[in-house]
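> Residue-level listing of the chains:
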Amino acid sequence: MNEITRREFMRRLLAWGLGAASAGTQLSCGSEPTPTPRPTPRPTEARAASTIQPTFTPVPTARPTEPPAAAAPAPTSTSEPAATPTPRPGDAYLAVARGESPAAIVQAALRALGGIERFVKPGDDVIVKPNICVAYHTYEYAATTNPEVVATLVTLCLGAGARRVRVMDMPFGGTPDQAYARSGIGEAVQAAGGEMEVMSSMKYQNTDIPQGRDITRWPVYQDVLKADVFIDVPIAKHHSLARLTLGMKNLMGVIQNRSGMHVNLGQRIADLTSLARPALTVVDAVRILMDHGPTGGSLDDVKLTNTVIASHDVVAADAYTATLFGLTGADVPALVAGAAMGLGTMDWGSVKTEEINV
Amino acid sequence: MKRKITLYDLRITHYVVWRRLRQGVQAVALLLFLYLLLGTRQGGVTFLPHDLFFRLDPLAGLTAMLAGRRWIASLALGGVTLLLTLALGRVWCGWLCPLGTLLDWTPLRRPRADRPDPLTGWRQVKHFLLFVIFFAALLGSLTLLVLDPLTLLFRTVTVAALPALNALVTAAEMALYRFGPLQAPLELFDRAVRGGLLPVAPSFFGQNVLLALVFVGVLALNAIRSRFWCRYLCPLGALLGLFSKVAWLRHRVDETACTACQRCARLCPTGTIDPGRHFAADPAECTLCLDCLASCPTKAIAFRGRWGLAPWRGYDPSRRQVLASLGAAVAGVGLLRAAPAARREHPHLIRPPGARENDLLSKCIRCGQCLQVCPTAGLQPSLLESGLEGLWTPVLVPRLGYCDYSCHACGQVCPTGAIPQLTLEEKRQRVIGVATIDQNRCIPWADGCDCIVCEEMCPVPEKAIRLEEQTVVNCRGETVTVHRPRVIRELCIGCGICEYQCPLHGEAAIRVYVPNTLAGVP
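Sequences listed follow chains A and B, in order.
Count along the first sequence starting at 1, add 22, and that's the number in our numbering.
Count along the second sequence starting at 1, add 3, and that's the number in our numbering.
Keep in mind the hints are simulated off the structure, nothing from the lab.
Predicted model, so just to flag it, every value in this text is computed and none were measured.
Each hint should be verified, as a subset may be incorrect.
The calculated DMTMM-like cross-link candidates involving lysine to aspartate or glutamate, where the alpha carbons are at most 25 Å apart (straight line), are [said to hold, decoys possible]:
1) A/Lys143 <-> A/Glu162
2) A/Lys325 <-> B/Glu258
3) A/Lys143 <-> A/Glu122
4) A/Lys248 <-> B/Glu190
5) B/Lys302 <-> B/Glu258
6) A/Lys248 <-> B/Asp193
7) A/Lys374 <-> A/Glu219
8) A/Lys143 <-> A/Glu30
9) A/Lys325 <-> B/Glu428
10) A/Lys248 <-> A/Glu122
11) A/Lys248 <-> B/Glu176
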């Protein structure tokens, strides 16, 4: 066997490395994880009946390790309030706050729900998911969530002792950095002490959706599933296929292959919600986008409504918000599918709703 | 009498220091080049102009001004390089050129000095290329600037090296991320490299393998002669070499001390130390690397200042060569302009916002900065879309990346104005193409199922894609209501995000074509 010098070895290594690199680039084209839609989408399948829950008390999915007792706290237990999405006696199921200061109405809505402490325990890792879908416009155009709403939530979470509060979204138009900057959310969150995270491609993994009726596996951002508390902060917007972009639709930001969701969109959004279930939803309706959503771009389409809607039940919060557009939950396919799966109630009139004017 | 301090005096005690200094400057210049390249990105900030090296490039500057018929102030910095060359010779090549540095670092073969170099005549190839480039520039064509060493290196790093590195790192990250204990360090690593060294999103460039092979070829020529590229081919080297003919600082040999040991001749990376001429070097070929200083056992070599014209060599330009290159340039430009692309534009030749086809061909120096800065990597090097004349000019390929509605970076980084500097507001109005739906493939049109992705993505405030509700019988015989997209041509700006996001595999069902003048757009 021929002996080779180190120099020769390095030379060959470099040649092989260059070869492998160019080969690798070619091979990795189109290697996006393939989601697996269920072969025959049938929303009216028989097993639907068995999963509809008699009461609309969702199981806290954001905290899978928590003992079941925490989900149903004793009515008298006030000494150590357990952080749980489920409303305790006295807490509103749905809070609607109106007023000119976004920060004040977020605080008022959370107070009505029983305080942020109901959701966030000291030491928790919190992820806040606003809608930062494009880098095109400032928040006044109502395409992205109001920065003050997001920052107030960050402040509240940190005040409740959260170890870490991360804010993230993956825009479809423009880069995350640009979108964070132009929406004003980046600056506001950092000033409040939160972190902006650029969603990294390595954290998406194909994940089973056990309750999924149409899709049973999809690439989902793992941190959202692993976080102690996941807070959904959509802005209420028009959307031509989903009718409205609200809390459930906002969850599209935590997955890959979004265009693949658009077949049977309503059911697929509900399937996704059953997996990435927010512990708290705060709908930003300070400004709402009445038309040409989700991208917007014209102030003529923006309506100032100075409202936030908050609940642990994303379906209820979304259904209430639909009324701001002159619609009901029944007009939004994702809400109908979500209610049918027992993810929450569209009938916000039947639960304890507190309306506050600040 | 007071003796003038020259390099000669310094050499006696510190001759190795000069070589070390040169090597250090080379490394710093290469790192600076790469740093500025990485800083050429949307929102990137560098402490020096990101296009500093192109500004210092007199070949790109002079030809861009000739072909564009106008003064480009920022490229006047190339004059500094020419002045430097008049004083010190081809120091650019030996000390600063990042491609030259990489060539120095590539394993090489030294020529044997004891007999004449049979390839010496090849040195005139670079002069020929230089004159062809100049004459073609006079005729308004900059195609051959693809041979400029700076554009060559910048383009290769942008199109081939960085995307490959990114693909490898991303694949490694994703593989390692499955192991729990590695997740925290990987996250730290990822946050450290993304947005700086590596882009946030992966990029896929056409012809990346071709460009890598061209570059490897340039390096591989080192196996025939060290710095083969710089000796025989580099048009910028040729230009600087001609100025070096009268450069002040010269290589001198003290013939009384020289023992004709041939060490310097064997070591010279450009092979210009000629044993047949008492070891004299041609200043037009010497890159001032100073390796010979350190090699001389009798310290017979010095670099001293002296004005005057260096002797003309056999490979130096002759009137005949100038005439031949003029003929070649005229014939070449004629051939390029008679190509089909000049008759009928390619249907998908989508140019960066504001760039007009003729302007682009006579102003684009092929530097590749727009490709590097484009956040979606939608700007790609063209191959034959605008004929061979437009080789490696930027063209938007929407299926690979769209023109971001929040970005106007390409016009900001273009050093020659081939892509005009527009404000974000102006850029949003600029029509670069028009989208057209293929009703035979579009899901709502062909299959009777809802989709609407293109309408959702459209960034135009009034939406250039609108939906029509239609009751149709779908392929399963069911009567359903679907939303069919239609493009409003008057509103479409051709950004291509609809084509990029179309969920169909392979070719999109909505494609961007060149702007349609019938629709009343410029």
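> Now look at each hint and say whether the structure bears it out.
Hints and how they fare:
Restraint check for lysine 143 of chain A and glutamate 162 of chain A: the C-alpha separation of about 33 Å exceeds 25 Å, so the hint is violated. Taking the CA atoms of lysine 325 of chain A and glutamate 258 of chain B, the gap is near 89 Å; set against the 25 Å cutoff, the hint is violated. Distance check on the hinted pair: lysine 143 of chain A and glutamate 122 of chain A sit about 29 Å apart at the alpha-carbon level, beyond 25 Å; violated. Simply put, lysine 248 of chain A and glutamate 190 of chain B have alpha-carbon atoms about 15 Å apart, close enough for the 25 Å limit, and the pair holds.
With a CA separation close to 11 Å, the supplied pair lysine 302 of chain B and glutamate 258 of chain B stays within the 25 Å bound. For the hint pairing lysine 248 of chain A with aspartate 193 of chain B, the CA-to-CA distance comes to about 19 Å; that is within 25 Å, so the pair holds. At roughly 35 Å between alpha-carbon atoms, lysine 374 of chain A and glutamate 219 of chain A are farther apart than 25 Å, so this suggested pair is violated. Note on lysine 143 of chain A and glutamate 30 of chain A: the hinted pairing is violated, with a Cα-Cα distance of about 60 Å set against a maximum of 25 Å.
Simply put, lysine 325 of chain A and glutamate 428 of chain B have alpha-carbon atoms about 23 Å apart, close enough for the 25 Å limit, and the pair holds. About 35 Å separates the Cα atoms of lysine 248 of chain A and glutamate 122 of chain A, which puts this hinted pair outside 25 Å; it is violated. The hinted pair formed by lysine 248 of chain A and glutamate 176 of chain B meets the criterion: a straight-line CA distance of about 19 Å does not exceed 25 Å.
Of the numbered hints given earlier, the model fails hints 1, 2, 3, 7, 8, 10; all others are met.
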